[in-house]
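2 protein chains.
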Amino acid sequence: MEETKKKKCVVRFEPSGLKTEVPAGTVLLEAANKAGIYLSSICGGDGYCGKCKIVIDEGQFQSKPTALLTPNEVRENVVLACQTRVLSDMTVTVPKSHTLETSQILMDSDAHRFSELAGEVEAGVFKFDPLVQKLYLEMSPPSVQDHTADHERLYLAIRERIDAPVMQTGFRILQKLSSVLQSLGYKVTVTIGRRGETTEVIEVEAGNHSDRNFAVAVDIGTTTVVAHLVDLTKATTIDTEAMYNSQINFGEDYIRRIMYAEENNAFDQLQNRIVNDVNNLIVTLATRQKIDLQDITTVICAGNTAMVHFLLNLDATRIRREPYIASAGFIPPIRAAEAGIQINKRGLLYCLPSVAAYVGGDIVAGVLTTRIYTRGGISLFADIGTNGEVVLGNRDWLVCASSSAGPAFEGSGVKNGMRAGAGAIEKLSITGDGSIEFKTIGGSPPVGICGSGLLDTLAELFTSGIIDRTGRFKANGRPGLSEGEDGLHFQLVQSGGGHQEIVITQADINNLVRSKAGVFAAIRVLMESTQTKIKDLEAVYLAGGFGNFLNVRHAVTIGMLPDVPLEKIHFVGNTSIAGAKTVLLSRKALKAAEKIAQSMTYFDLMSHPKYMDEFIRANFLPHTDLSLFPSVKLAAEK
Amino acid sequence: MEETKKKKCVVRFEPSGLKTEVPAGTVLLEAANKAGIYLSSICGGDGYCGKCKIVIDEGQFQSKPTALLTPNEVRENVVLACQTRVLSDMTVTVPKSHTLETSQILMDSDAHRFSELAGEVEAGVFKFDPLVQKLYLEMSPPSVQDHTADHERLYLAIRERIDAPVMQTGFRILQKLSSVLQSLGYKVTVTIGRRGETTEVIEVEAGNHSDRNFAVAVDIGTTTVVAHLVDLTKATTIDTEAMYNSQINFGEDYIRRIMYAEENNAFDQLQNRIVNDVNNLIVTLATRQKIDLQDITTVICAGNTAMVHFLLNLDATRIRREPYIASAGFIPPIRAAEAGIQINKRGLLYCLPSVAAYVGGDIVAGVLTTRIYTRGGISLFADIGTNGEVVLGNRDWLVCASSSAGPAFEGSGVKNGMRAGAGAIEKLSITGDGSIEFKTIGGSPPVGICGSGLLDTLAELFTSGIIDRTGRFKANGRPGLSEGEDGLHFQLVQSGGGHQEIVITQADINNLVRSKAGVFAAIRVLMESTQTKIKDLEAVYLAGGFGNFLNVRHAVTIGMLPDVPLEKIHFVGNTSIAGAKTVLLSRKALKAAEKIAQSMTYFDLMSHPKYMDEFIRANFLPHTDLSLFPSVKLAAEK
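Residue numbers (the working numbering), protein chains in the order written: chain A, 49 to 686; chain B, 49 to 686.
Because the hints were derived from the structure by calculation, they are not lab data.
Predicted, not measured: the structure shown is a model, and the values here were computed from it.
Worth double-checking, as some hints may not be accurate.
Copies of the same chain look alike in the list, so a pair counts if it fits in one copy or across any two.
In silico EDC-like pairs for lysine to aspartate or glutamate, Cα to Cα no more than 16 angstroms straight-line [stated by the list, open to error]:
| hint | residue 1 | residue 2 |
| --- | --- | --- |
| 1 | K639 | E78 |
| 2 | K581 | E124 |
| 3 | K282 | D259 |
| 4 | K643 | E200 |
| 5 | K224 | E386 |
| 6 | K224 | D316 |
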């Protein structure tokens, strides 16, 4: 043992064929990271989520015993990568269902969804006035009659075009200014960025380049990162791209990632991961659209508070600890290069302001996009992602809260759950005769079930009477219901035709119910605290990374959203990126976002006396108190 | 020759003993530079000013023939350093009268003079509100009841203390903010700097360091650089220091330095020189006062436009060429470190704004200090240095011009001229019996004559009838008057008692007359253009590096200043540094300076049709038109 520990071992990962060399004794999960393979790991490598399963094809290894593997799996050399050490050269296979596909799978859903929502600016809700602009200026050169200095001449010309009472020029720009102005007879393109009330001259180039000004808006989710490439001259979205957040093998939720980083002094590593992801998305978009990275002058990010802290390497440790605070809610614009983001080297990085440690800029973007902060009537906004954030309010007041009920609707903690991607069941129904109909994203053979499919599944199992109000499977012997390795499960799709069997287990259902209960309890706390009745709700917005075919009625049926008339419920998709784009294109929208972040009142559910009661009451389908869900009661009676 | 060119030669400079090694063939002036010896060189090494004389004690050299050396000098191995090449190891002696003493000689005069003028702030003319402040903040730490993020908590605490509507925080500060706040229980010292309307958090430190906040105000003159160390917490000047501008061997005036830099691609070198000078002054002051450089948070510079361009390496080439413009008149505050200035690494560098290529921030400082921009009556301000700038105006209008009549009153172009320093004759009178009385700075044996002494000399020679109205020596044979190597000269001090003979030559007088004529012609153009009569002048301010005993009556007698009642004339010393300090201590003063710079109308004398006429008419003592100088006429008649 002592000797083998010192030797180097080559580990080859199939089916990708990626290889890496590590010292003997290295944990297999680390080796996978090193090879660039991101295995799902909810627990951050602690060995109890069972997500990082991998098959050893060849080679020596040492694994800790675990109850998370079935006898069959152990026979087939399946191990938990986080609990296994490499002892020799080896070949391993990463099961398809356990890898995170970093292809453009999400393009079909999250990334493209509701891109028209970014049309706030074209629609005239906000004035088109982007955070970074290029102006082509034709100045008259200085003469004996007009001896204005170059720097003041530039300011005068800029102020003829735009409102810029407070201006700044970087030293390097100032140093080169005169030679640039003179090179083409005082005809220059000036790039100006807004930093709060200050207008900064960030670049000066000879000649007219004002038609080449691009930005990337990024939604940094805990699980996925979505980027839109925007032409700032035309206020249009040119292209979109998405990938999994590659921090994912440090923990599936951000609390675990913070714990991992604290224990391993790995905040730099977390930052590197997310910065690399953002850079990868930018490079992919720029390459595909043949855009020079120097012409990308702006990056704007919306994300939860923890993600923004990771991105900028701000102190995130107290997000998970009392008093649960952020290092910064309002992030001043910085040079993107300072954070390692590779666009124009003087380009700016903006982050949407957050409200609290658990209510981030993504939620502020949601409020901005849905415009609930402008209406007289009360609206409800719920974003169901890795966490479930809820906002209630109108133009006079806004309250918000976050339920940490877990990312079940993102497919996590669900045996055949997956993100909305090719092969994901996004729509499912159980017909009167008990047969199951479904639709997959892209029409591909079914691989798993995404959020909207899980919502359908839970609602259909309930309305078909396969599960009861507590979420438990009713009587055995029902077709499709059987005892599997994970306890009772219900078969949704038979294996065959090149795909595996797809089931939903009792544990899956319990997770989904807990998740929806968390969201609904949060809604109840906010409504009770503000004495808002269900009838007062003028609109309910549901945001998140569900599939394309979200059945909003099902969100009421399972008791996730309050029982309002269906026409009041709107699925609004990825409002985080939509809001980021709106802000990108209008300074007024940024001001609105800042005002939203400042004025929203945050309710800390952990310390709220009523939350736990509400959570327990919501752990039924749809709720212990059926009077809260008259439409569901009525449907059940029919 | 070919062989010797390749070898290395050691050149030793006496009396300092400084040595340097250079390749054979190197020009001796360059070797002196390399050794850190700054020889005066008005012509920038072109061989026609004759200022860089040096004695070869030992070694081989090759000199170009020159008419600037007397036969005696040639016999004594005196050479022009700029016209001499080193051919072997050699020892040379730098004559005392030709070196620039970089000691604290100026401390006695320029640096200390009128330091009470910086008292504008204490006197309540401007509110005390320094450009960079340290605030000690005791914040309550976050709690479950108060989950405000650290960054916003800091902003709130700052805004409780000061007016700061627009704020910025640097990325590095943001990253360390939380750990600094937590290290001593949210008790921190925050350093805030003002950049226009923006307030920047430039440093955050745990604990109370608010009593250690220092700044250096610098007057960057073409010939001298003067620095005052200021305690920003008490608005007091702690110490002062001055030295020669070590760019001086690239040319005595800035036009020659620009030419030199263009020809030799040496703008970097010019920047290095002045940055080193400023750093030397800062280090000297900090060391003497036992102040940590990190506690110096601000540097503020006032200087002519060219000096500020050299300091920041901005494009200065068009200062000397049509259309005679600056690269920047208004210089945004930058980090001092960006310009190479060694104070706190996040400390700020401010430069007073200039009006035009030939009217710089030093003149704006003069207008600010004399407060002529606030008065109903018309005032005149003249700054006699290497150039002669003139401002006329009141609270409604300000006009200005620059005469490039040369730095004769700074001792340049005058055989025994020198800057105000130890041994300089600063006061001189010719009594009724023709005997000469004088006073030297520090009471030292006389070494030369400084500005106030030269003014006295010219006026006394004129009123005693030794020179006529054209400035020519009258009849030969008069005691003291004799033919020397430089033509006719008048002996002011006999040699003996350890000092040399001190004379004034016809050429010296011609230079002084031209210099005063330039200033007066500029005054006349401004007065004529604004239809200002002599009787309209409520006050006349004379600024510049004269000695302590300036006789303002003499400035009228020779026709440099208009003939107003003497009580209206005020010698105000170094208003450049006084103005810089006022701005340093009050944001209101900075705004006032910016308004002055923007509102002043610049007259370009080169292209002004009347300037040359006025200049020719002023080339008499006091003037061709005696009616302009009734008091002088009256005195002459008596």
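Here is what the structure says about each hint:
1. K639 <-> E78: neither (43 angstroms within a copy, 59 angstroms between copies)
2. K581 <-> E124: So K581 and E124 fail the 16 angstroms test inside a copy (56 angstroms) and across (107 angstroms) alike.
3. K282 <-> D259: within (9 angstroms within a copy, 53 angstroms between copies)
4. K643 <-> E200: between (34 angstroms within a copy, 14 angstroms between copies)
5. K224 <-> E386: Between. Shortest inter-copy distance 14 angstroms satisfies the 16 angstroms Cα cut-off; intra-copy 21 angstroms does not.
6. K224 <-> D316: Close across copies (14 angstroms), not inside one copy (35 angstroms); limit 16 angstroms.
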